[in-house]
Amino acid sequence: MVISFAIMRIIPGDPASARLGGVEEEAIAELRKQLNLDGSIVQQFSRYVIDLLHGNLGTSLQTGRTVIDIIGSTLPLTIYLILFSTFFAVILSIPIGTSIAWSGKAPIVYTFRGITAVILATPNFFIAMVGILIFTVRVNWSPVFGYEPEFPQNLKYLWLPVVVNTLIMTSVVSRVIFSSVVETKEEEFVETGIIRGVGRRRFFWFYILKPSMAPTVVLLSYMMGTMLGATVILETIFTLPGIGREMVNAVLTSDYPVVQGILLIFGVITVFLSFIGDVIAYLLDRRVKI
Amino acid sequence: MKAKFAKFKEWLLLPGGFGIFTGLLMLGTMILLGIIIPNFGPYKPDEFIGDPFLPPSWQHPFGLDQLGRDVMTRTFSSVGIDLGVAFLGVSIPLAIGTVIGILLGLAKNKYVLSLAGSLIDGINAFPLLIIAVAMLTFLGSGLRSVVVILAITNWARYARISRTRAVVVSKQNYIEAAKTLGFSRRRIVLKHIAPNVSSETVAYALSDFILVIVVVSGLSFLGLAAKPPMAEWGSMIADGRAYLAQSWWLVIFPGLALCWSAVSLSFVVEGISRRDRGI
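As they're listed, the protein sequences go chains A and B. Each residue of the first sequence is one higher than the last, beginning at 0 in numbering that gives the first Met the number 0. Each residue of the second sequence is one higher than the last, beginning at 0 in numbering that gives the first Met the number 0.
Since the hints were made in silico from the structure, they are not lab data. Some hints could be false.
Stated by the list, open to error - Dumping the calculated DSSO-like pairs for lysine-lysine here, alpha-carbon to alpha-carbon at most 30 Å:
| hint | chain 1 | residue 1 | chain 2 | residue 2 |
| --- | --- | --- | --- | --- |
| 1 | A | 104 | B | 6 |
| 2 | B | 107 | B | 170 |
| 3 | B | 109 | B | 178 |
| 4 | B | 190 | B | 170 |
| 5 | B | 178 | B | 107 |
| 6 | A | 104 | B | 178 |
Model the full assembly from the supplied sequences, consistent with the hints where possible.
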């Protein structure tokens, strides 16, 4: 079941990126005949797929570096950014979501929903701007521009983007945990647990949190994909040399092979993440159908 | 009048009523200001009226920008652009997606179904912002391309919802009843299936509106949608970014306007969803 699912999910992702590639090359063929992009779309498409199987994503029109090389040098930073913010968001969301759902007091719930709604509706670049205004302009805790790749120094540049990302993710994740804990509370096995007198710690982890985590994990895997989009903007604001900023630069300079390669990587990552998310959700709650 | 007010009060006290009311009030204020200030205000959005970087004062409540233009006029003149582009970017995919979804929900051909299904999944696999940024490379940047891109990519989300819904609806008893009564296929689809499917997609469209506003302004922020002389929240914020240290008002006011619109919509969405669930 899991394997058939994997095939079902991975296949639609790849033709999509390939399809975009095909359309893109069609545009190039019109615009730039000198790039040796002639022949029918089918030919181009098959050539693209063959190149892809050889691990050749083309070379940048702007700098002449290979696309693989560009992705290899910029992707890790973006992944760290996303992983750190996801990690902190989960750590913060579990206590916030469960405690608010468990208390169930109307004023607290309303405040929680109001605050998270405002954060969610605010574009991340505005939150980032306010962050810069407070932490860079008012108190000089974070440098405005630049980046140093060495380990201890780079934290100085990374902490503010991570905080901004974490803030946004926490409000999404804690909302989902909140609503799934509210649902779990109504389940009969929770009542059974109370009646059986299960120890407090065991009750919390196994009766409340574990069943509530399945939707959260699915959402997290989806959110991490969306975060790829968010980092495009965050990296541009904080001038971090990640893959998102590389993509924006490539778009601004019409560097088609780079855009195409990055898009492909994003597609692969998103499909992979949603697959992992579904598998973990299944392991947590066997009632989830894959 | 009094009876009407009592009815309104009753409506307000139902679940979510307060959220819908506040949201609509906030949105209405924004649209009203967006109409009044650029048209009847003393300045024009691209008129140079004074010293650059004049801080907020009574005469210019939002201050002046780097070229000496009135930030307040510019902020409110972009209400129409931002909300208008977002409206087009939601309503076109809504229409396309709902129709395609209904057709797929009723389709029997296996090849069509699996092809369309993987196309929809493939488009949905990418975050909207990423796909928009990538497609701007070959459509060229500009607000018109943004609307086109939203139309050709965002329909997939609606199609997925409306397809699932159409499959569910077409199995309902009232569709069976309509068939037994001998109604034409066209009448069943238009009068019985379409309304029940579109209620679902319209509900999603409302929450999608927020996402699209954020995406449009995000693209402008990256310099890919609205071009510099045009007043647009995202591009105003991007312009003001260079002067953030000295003149915060260039960034904060357009940003607040953007937040205000998005938050008002999210109150409406939340209110409606709570009313549906009755809590």
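Hints versus structure:
no.: 1; hint: 104(A) <-> 6(B); verdict: holds (28 Å)
no.: 2; hint: 107(B) <-> 170(B); verdict: holds (14 Å)
no.: 3; hint: 109(B) <-> 178(B); verdict: holds (24 Å)
no.: 4; hint: 190(B) <-> 170(B); verdict: holds (15 Å)
no.: 5; hint: 178(B) <-> 107(B); verdict: holds (18 Å)
no.: 6; hint: 104(A) <-> 178(B); verdict: violated (50 Å)
Hint compliance for this structure: hint 6 alone is broken.
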